[in-house]
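Novice: Sequence:
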Amino acid sequence: MDNNRKKLLWSVILVILYFLLVFYIGGFNVKDKTELIINIITIVLSVIGIVYECILIFNKKIDLNKHKNGVLACSIYFLLVNIISGVMGFSVTKEINGNKKERRELPEIELKEYTNKYICLIAFIICLGILLFGSKIITKFWMLIVFYVVILSLMIGVFYKQLIHDFKIFKSYFKEYFVLILKTWGKALVLIMITTIIIQIITHTTQANNQIALQNSFNSNPVFIAILAMFYAPIAEELMFRGVFRKFIKNKKLFVIVSGVVFGLMHVIDDSKTLAEFSYVFVYSILGIYLAGIYAKTNNLCTNIFMHFMQNTLSVIGMILLMFM
Numbered sequence: 019m020d021n022n023r024k025k026l027l028w029s030v031i032l033v034i035l036y037f038l039l040v041f042y043i044g045g046f047n048v049k050d051k052t053e054l055i056i057n058i059i060t061i062v063l064s065v066i067g068i069v070y071e072c073i074l075i076f077n078k079k080i081d082l083n084k085h086k087n088g089v090l091a092c093s094i095y096f097l098l099v100n101i102i103s104g105v106m107g108f109s110v111t112k113e114i115n116g117n118k119k120e121r122r123e124l125p126e127i128e129l130k131e132y133t134n135k136y137i138c139l140i141a142f143i144i145c146l147g148i149l150l151f152g153s154k155i156i157t158k159f160w161m162l163i164v165f166y167v168v169i170l171s172l173m174i175g176v177f178y179k180q181l182i183h184d185f186k187i188f189k190s191y192f193k194e195y196f197v198l199i200l201k202t203w204g205k206a207l208v209l210i211m212i213t214t215i216i217i218q219i220i221t222h223t224t225q226a227n228n229q230i231a232l233q234n235s236f237n238s239n240p241v242f243i244a245i246l247a248m249f250y251a252p253i254a255e256e257l258m259f260r261g262v263f264r265k266f267i268k269n270k271k272l273f274v275i276v277s278g279v280v281f282g283l284m285h286v287i288d289d290s291k292t293l294a295e296f297s298y299v300f301v302y303s304i305l306g307i308y309l310a311g312i313y314a315k316t317n318n319l320c321t322n323i324f325m326h327f328m329q330n331t332l333s334v335i336g337m338i339l340l341m342f343m
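The numbers in the numbering used here rise by one with no breaks, and the one at position 173 of the sequence shown is 191.
None of these hints come from the bench; they were simulated from the model.
On a predicted model such as this, the values are computed, not experimentally measured, just so you know.
Hints should not be assumed to be uniformly reliable.
Computed cross-link-like contacts, DSS-like style, restricted to lysine-lysine with a CA-CA straight-line distance of at most 25 Å [what the hints assert, rightly or not]:
(1) K201 / K271
(2) K130 / K189
(3) K265 / K179
(4) K135 / K25
(5) K270 / K130
(6) K189 / K315
(7) K268 / K179
(8) K186 / K270
(9) K24 / K86
(10) K135 / K179
(11) K265 / K315
(12) K315 / K193
(13) K265 / K186
(14) K24 / K84
(15) K186 / K201
(16) K268 / K130
(17) K315 / K205
(18) K205 / K271
(19) K291 / K205
(20) K315 / K135
(21) K84 / K130
(22) K179 / K193
(23) K265 / K189
(24) K205 / K193
(25) K84 / K135
(26) K186 / K135
(27) K25 / K84
(28) K265 / K135
Assemble the whole structure, with the sequences as input and the hints as a guide.
Specialist: In structure tokens, the structure reads:
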């Protein structure tokens with residue numbers, strides 16, 4: 019058995035031991051139906067990942083190079099399962115160790131018009147125009163940086179007062195918000211993984227064109243793309259697609275759907291030449307819907323910005339791993 023297969027074998031063994039430990043301490047004994055469904059899906063996906071990696075390990079005729087995307091997907095998923103479970107475990111331990119501090123309810127934040135909504139709309143249209151048509155006039159790297167700075171400055175400028183207000187509350191209730199963000203993100207990831215697998219099976223594609231283009235850009239300029247993905251995108255995109263949309267769509271359900279779908283469309287519309295490529299709109303829309311959902315629930319822009327940051331940080335980790343495979 020070669021070194022790569024040995025590493026995969028140890029990975030599988032550790033995952034199995036992890037789940038045995040969780041079962042032993044009763045980590046999957048939950049009363050909430052939603053958490054129960056998530057646990058079942060987590061176990062099913064984990065079993066699929068374990069079986070898949072075992073086939074790669076013990077069938078020496080299989081070329082691992084042809085399955086690097088599959089190995090990467092399993093690795094990220096197993097890592098994610100352990101991280102989420104670990105964080106949730108720490109939160110439970112804290113509650114068990116003593117009720118010195120009662121868990122506080124999330125504060126009710128009233129949506130106020132800190133900046134006129136039509137000023138926000140004008141800023142949104144300008145930023146959207148830059149995103150859609152800017153690539154046609156960009157000829158140098160410094161121009162690209164200027165475009166991103168303009169977009170970020172415009173969005174932060176019109177939402178500055180609300181961001182300051184929301185951040186103060188977010189900082190004071192960080193633990194409570196973090197638990198909500200983690201649960202919401204976990205649900206989104208499960209749906210995203212299932213949807214991605216279904217699309218890949220039906221369309222015979224490996225990943226979205228947007229992700230392929232992002233990976234290529236990351237390979238040539240990793241630091242710049244990492245900064246864009248982890249810091250620029252969460253702030254600029256959340257202010258554009260959640261902040262601005264919420265000002266005009268008061269109905270929460272309608273806001274969540276419209277904001278999520280438009281967010282999904284913006285991530286595939288430029289790179290999709292076939293129906294198969296366009297089908298990844300469902301993947302991005304799911305993320306957009308959950309990001310809009312957590313904002314609609316909290317009325318705090320920092321919650322969806324932080325969740326977007328976590329999602330993109332995970333993507334950057336994936337791109338780093340893929341770079342060395």
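Novice: Next, verify each hint and record whether it holds.
Specialist: How the hints compare with the structure:
Annotation: proposed proximity of K201 to K271 holds, straight-line Cα distance about 19 Å (limit 25 Å). Proximity of K130 to K189 is assessed by CA-CA distance (about 19 Å); at most 25 Å being required, the pair is judged to hold. For the suggested pair K265 and K179, the alpha carbons sit about 15 Å apart, so the restraint of at most 25 Å is met. Under the criterion of a C-alpha separation no larger than 25 Å, the hint pairing K135 with K25 is inconsistent with the structure, at around 55 Å.
Restraint check for K270 and K130: the C-alpha separation of about 15 Å stays at or below 25 Å, so the hint holds. About 17 Å separates the Cα atoms of K189 and K315, which keeps this hinted pair within 25 Å; it holds. At roughly 20 Å between alpha-carbon atoms, K268 and K179 fall within 25 Å of each other, so this suggested pair holds. Restraint check: the Cα-Cα separation between K186 and K270 comes to about 24 Å, which is no more than 25 Å; the hinted pair holds.
For the hint linking K24 to K86, the alpha-carbon distance of about 15 Å falls within 25 Å, and the restraint holds. This hinted pair checks out: K135 and K179 have alpha carbons roughly 13 Å apart, not beyond 25 Å. Note on K265 and K315: the hinted pairing holds, with a Cα-Cα distance of about 15 Å set against a maximum of 25 Å. For the hint pairing K315 with K193, the CA-to-CA distance comes to about 16 Å; that is within 25 Å, so the pair holds.
Note on K265 and K186: the hinted pairing holds, with a Cα-Cα distance of about 21 Å set against a maximum of 25 Å. With a C-alpha separation of about 18 Å, the suggested pairing of K24 with K84 holds against the 25 Å cut-off. With a CA separation close to 22 Å, the supplied pair K186 and K201 stays within the 25 Å bound. For the hint linking K268 to K130, the alpha-carbon distance of about 12 Å falls within 25 Å, and the restraint holds.
A hinted pair counts as satisfied when its Cα atoms are at most 25 Å apart, and K315 with K205 qualifies at roughly 15 Å. Between K205 and K271 the alpha-carbon distance is near 18 Å, which keeps this suggested pair within the 25 Å criterion. Using a Cα cut-off of 25 Å, the hinted pair K291 and K205 is violated, with the two alpha carbons roughly 30 Å apart. Distance check on the hinted pair: K315 and K135 sit about 20 Å apart at the alpha-carbon level, within 25 Å; holds.
In summary, the hint linking K84 to K130 is not supported, as the alpha carbons are separated by about 53 Å, beyond the 25 Å threshold. A hinted pair counts as satisfied when its Cα atoms are at most 25 Å apart, and K179 with K193 qualifies at roughly 23 Å. Taking the CA atoms of K265 and K189, the gap is near 24 Å; set against the 25 Å cutoff, the hint holds. Between K205 and K193 the CA atoms are separated by roughly 19 Å; this keeps the pair inside 25 Å, and the hint holds.
Restraint check for K84 and K135: not satisfied, since their Cα atoms lie roughly 51 Å apart, outside the 25 Å limit. At most 25 Å may separate the alpha-carbon atoms for a hinted pair to count; K186 and K135 meet this at roughly 22 Å. This hinted pair checks out: K25 and K84 have alpha carbons roughly 17 Å apart, not beyond 25 Å. Note on K265 and K135: the hinted pairing holds, with a Cα-Cα distance of about 6 Å set against a maximum of 25 Å.
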